[in-house]
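J.: Going line by line, the protein sequences match chains A and B. To convert, note that position 275 of the first sequence is 275 in full-length UniProt numbering; the numbers rise steadily by one, no gaps. To convert, note that position 242 of the second sequence is 242 in full-length UniProt numbering; the numbers rise steadily by one, no gaps.
By construction, these hints were calculated from the structure, which means they are not laboratory data. For clarity, every value in this text was computed on a predicted model and none was experimentally measured. The beta-carbon is built from N, C-alpha and C at its ideal position, and this holds for glycine as well. A hint or two may mislead.
Stated by the list, open to error - Footprint (simulated), chain A over chain B, 3 or more residues, beta carbon under 8 Å:
1. 170-180
2. 202-214
Stated by the list, open to error - A short list of chain B residues far from chain A (calculated; beta carbon distances all over 10 Å):
3. Pro23
4. Ala51
5. Ile52
6. Leu59
7. Thr67
8. Gln68
9. Tyr69
10. Pro76
11. Val81
12. Leu114
13. Val118
14. Gly190
15. Gln191
16. Ile217
17. Pro254
18. Val272
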Amino acid sequence: MSLLEVSDVRKYFPIKSGVFFRREVGRVHAVDGVSLSVEAGETLGVVGESGCGKSTLARCMTGLYEVTSGKITFDGDMRRDVQMVFQDPYGSLNPRRRIGSIIADPLVIHREGTAASRRERVKELMALVGLNPEHYNRFPAEFSGGQRQRVGIARALALNPRLVVCDEPVSALDVSIQAQVVNLLKDLQTELGLTYVFIAHDLSVVRYVSDRVAVMYLGKIVEIAPGEELYERPRHPYTAALLSAASVADPDRPRDRVVLRGDVPSPISPPRACRFHPRCPKAQERCTVEEPLLLGDGHQWACHFPVEPGEHLRSAEPGLEGRAG
Amino acid sequence: MSLTDAAFEAEPVHVEVVHGKGPWRLAWERLRRDKAAVASMVVIVLVALLAILAPLFALITGHDPLTQYPSTALTPEGLPVGPGADFWLGADSLGRDLFVRLAYGARISLLVGLSATVLATVFGVVVGLLAGFYGGWVDGVLARVLDVVLSFPYLLVAIVLVAAVGASVPLTIFVIAFFSFAAMARVVRGQTIGFREREFTEAVRSLGASPLRIMVIDVLPNLVAPVTVLASLLIPTSIVFEATLSFLGLGVDPRTPSWGAILADSTDFYRVAPGLLVFPAVLLLLTTLAFNLLGDGIRDALDPRR
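Bound-form chain A, shown alone (with noise of 0.2 Å):
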């Protein structure tokens, strides 16, 4: 069994208007019929662009939001082994409490120990993750942005968790700081034995980290693939799109830019069948009546007319122009 299943899972957002009694007069569909499975040991990597539901899809996994519809089944207790850490560094650190109790709530909510032994299991935390420990006694806003995060991922390590769960790990730090946090993570998943689901929007942090990863477009998944796998041979369009807008090492190679056209659809009415028929070079009728289902073993893609490997996606007008609305 795999530690974490998610099937079929759906959270949509009301939109209530009215000062007395409030309709509901309309649904934000931020994670739209999402399946996957997270096997204990590997980082699942999840990417998208900003409001494609990722963020929520995390806060789903975590117990934060209840769904809507669909299940999520985890192999253990939801509130002890999975943890969260966040992606402000400021944000998510209480201002007004000294770091050592932000560490150690935790252990306080779970009533694991004494005030003694937690004081002492904070200090071994603040050191696993590269903090002097002698400060426990600070201030978050006595710390620079790489050094909170580092008190974020000691809090969600102070359970000692199965699953850990980072939004945006990185995406609020500097770059220079990006690589020292990132690879913290990494060290403490080979020493502590966690898994990650790891969702970013920066693409080459994702292929850097994940075993697995899943591109998500206006809350459905639309690839999954081992992640060599997956920027080698895209076969969604918005994958290949998506990896072809990203920043490469070496500018002079030479490279197809597929442009997309037009921005993302809103998630409270989004397009019929096919999420990215209105945008998508190669949207043909069917991908506007039917909806593509995520199907294959292994490198899993919901696409009528994938992209052929060696295929040169042109950024051309949209294949449905002009029928798209």
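Since the structure of chain A is provided, determine the placement of chain B on it from the hints.
T.: Only chain B this time, still in chain A's reference frame:
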């Protein structure tokens, strides 16, 4: 045994305690450099001394605040004497010692100002926290209640209450607190809504922390700054509120020396005895100004980014 345990038995950690300067310590240091705030604190301490030492002044002058001294306090024409060695700030129209009455009035002003503020703050924080944290229908109901309170004509309510139960200090405190807590509750509610969505509350919520723990341990410490500022500004408002009610005869028992009541007494006599009007007015002005300036200073000290 987990890997963590093994790693740490091999490598014991030696720790020395390093105390960072807390936000309160830093705020206090900034407040001490604020000249207006320091001057305000001096004025407040002096007014407090006046209130505390009121019985001593009564002893020294030999004048009780409620007793009339017609033989010494009034001229043969029946007018109050001016300031002098016997009556330091003069006498009032009934022959009572103005200074002693003002000193006792300071007790009422500070008692009512502080008690009403504490009451309004406690009540406002509780209501604001609940409304902001729970949202939904709890917020809907409480927010409507606040709207109703804020749209009440407070003088009318005071008149009705005084007519019904009679003027008294506790009633005055209650009336002031009732009409002040809504402002506090609104501020706290807004702030709480902001903090409820922050990642650090999500972090503890994902651990299964109870709503009470999140409100008290995670949200409340972040509200101390805005609540302190608002409370420090509620004190002068309450003092003026009390003076207003007493001036109109709706506050404390009319015989009790209160700055508002003393001012009310002076209205017929300020032409012949201007001190009757000037001294309580200046005292009231200085006290409320000092509390207001101190409140501003506290706000600046707590939020150096402004």
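J.: All the hints need checking, so say for each whether the structure fits it.
T.: These are the hints, each one checked on the structure:
no. : hint    : in the structure
1   : 170-180 : violated (count 0)
2   : 202-214 : holds (count 9)
3   : Pro23   : 7 Å, violated
4   : Ala51   : 34 Å, holds
5   : Ile52   : 34 Å, holds
6   : Leu59   : 47 Å, holds
7   : Thr67   : 53 Å, holds
8   : Gln68   : 55 Å, holds
9   : Tyr69   : 56 Å, holds
10  : Pro76   : 67 Å, holds
11  : Val81   : 57 Å, holds
12  : Leu114  : 25 Å, holds
13  : Val118  : 22 Å, holds
14  : Gly190  : 17 Å, holds
15  : Gln191  : 12 Å, holds
16  : Ile217  : 8 Å, violated
17  : Pro254  : 45 Å, holds
18  : Val272  : 58 Å, holds
In terms of the numbered hints stated before, the structure departs from hints 1, 3, 16, listed from lowest to highest.
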